[in-house]
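K.L.:
Keeping their order, the protein sequence lines are chains A and B.
Each residue of the first sequence is one higher than the last, beginning at 1 in the working numbering.
Each residue of the second sequence is one higher than the last, beginning at 1001 in the working numbering.
Since the hints were made in silico from the structure, they are not lab data.
By construction, the Cβ of each residue, glycine as well, lies at the ideal position given by its N, Cα and C atoms.
Be careful, since some hints might not be right.
As the list claims (entries may be wrong) - Ranges of calculated distance between the beta carbons of each label pair, as one might list FRET restraints:
(1) Arg13(A) / Ala1014(B): 42 to 48 angstroms
(2) Thr1110(B) / Asp78(A): 37 to 43 angstroms
(3) Ala1014(B) / Pro113(A): 39 to 45 angstroms
(4) Gln1067(B) / Asp26(A): 18 to 24 angstroms
(5) Asp69(A) / Arg1018(B): 44 to 50 angstroms
As the list claims (entries may be wrong) - Counterexamples of contact, computed for chain A against chain B with all Cβ distances above 12 angstroms:
(6) Phe9
(7) Ser11
(8) Asp16
(9) Gln37
(10) Met55
(11) Lys67
(12) Leu101
Said to hold, decoys possible - Straight-line distance between alpha carbons at most 30 angstroms, and here's what the computed DSS-like set of lysine-lysine pairs gives:
(13) Lys1057(B) / Lys70(A)
(14) Lys67(A) / Lys1009(B)
(15) Lys112(A) / Lys68(A)
(16) Lys36(A) / Lys112(A)
(17) Lys56(A) / Lys112(A)
(18) Lys36(A) / Lys1057(B)
(19) Lys1057(B) / Lys67(A)
(20) Lys36(A) / Lys56(A)
(21) Lys56(A) / Lys70(A)
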Amino acid sequence: GEDVEQSLFLSVREGDSSVINCTYTDSSSTYLYWYKQEPGAGLQLLTYIFSNMDMKQDQRLTVLLNKKDKHLSLRIADTQTGDSAIYFCAETRRRDAGNMLTFGGGTRLMVKP
Amino acid sequence: DSGVTQTPKHLITATGQRVTLRCSPRSGDLSVYWYQQSLDQGLQFLIQYYNGEERAKGNILERFSAQQFPDLHSELNLSSLELGDSALYFCASSAAPGNGYTFGSGTRLTVV
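Using the sequences provided together with the hints, build the complete structure.
P.N.:
Right, here's the structure in full:
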């Protein structure tokens, strides 16, 4: 959706860090999420962050949230070939009665051996 | 296995036909969300049900309808199908916001 934007493509070498960026426009965001989609598969929740937090770390994943700039990033440390997938950021917004997820267009991560 | 079950996994049908997609939410989750994923539109929210009641509507066409039954499973009905309806249809369930939304593996619909 146009409310959440991501770059289309990112290529990294195995062992490097990957940083996937996302910007959103709605100031009523409550939670922000990162999902992973492998080819032919569904959406797997990787992590989420509450909108009043700045950072969340979970093993190789670090989420940074800059609420002033409405910018969210996902850093994957020591990226592996198995991390190759499409990564979606998504938000839920206070103004949406159903708390549905609004997704970005996805970033395709390619990890080269 | 995410706990959200969608059937069928694949569906091929002709233009003008009607199909029903089924979703069983994760045990204990009262909310069901339907999403459409297509190459040109990305992931679009269609409709949400909570404990049997429609809660929110997104970009759902009038040819599409859904319902949630007393056992909490949900069905998405797509009628007068067009080529452009070919997409992956995902169902997700949640207990409450902030807990994350669990997605099923999707139904791939191909309209020929």
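K.L.:
State for each hint whether it applies.
P.N.:
So, going through the hints one by one against the coordinates:
no., hint, verdict
1, Arg13(A) / Ala1014(B): 42 to 48 angstroms, "holds, 47 angstroms"
2, Thr1110(B) / Asp78(A): 37 to 43 angstroms, "holds, 39 angstroms"
3, Ala1014(B) / Pro113(A): 39 to 45 angstroms, "holds, 44 angstroms"
4, Gln1067(B) / Asp26(A): 18 to 24 angstroms, "violated, 29 angstroms"
5, Asp69(A) / Arg1018(B): 44 to 50 angstroms, "holds, 46 angstroms"
6, Phe9, "holds, 15 angstroms"
7, Ser11, "holds, 21 angstroms"
8, Asp16, "holds, 27 angstroms"
9, Gln37, "violated, 9 angstroms"
10, Met55, "holds, 17 angstroms"
11, Lys67, "holds, 16 angstroms"
12, Leu101, "violated, 6 angstroms"
13, Lys1057(B) / Lys70(A), "holds, 25 angstroms"
14, Lys67(A) / Lys1009(B), "violated, 39 angstroms"
15, Lys112(A) / Lys68(A), "violated, 34 angstroms"
16, Lys36(A) / Lys112(A), "holds, 18 angstroms"
17, Lys56(A) / Lys112(A), "holds, 27 angstroms"
18, Lys36(A) / Lys1057(B), "holds, 25 angstroms"
19, Lys1057(B) / Lys67(A), "holds, 27 angstroms"
20, Lys36(A) / Lys56(A), "holds, 17 angstroms"
21, Lys56(A) / Lys70(A), "holds, 16 angstroms"
Checked against the numbered hints above, the structure violates hints 4, 9, 12, 14 and 15; every other hint is satisfied.
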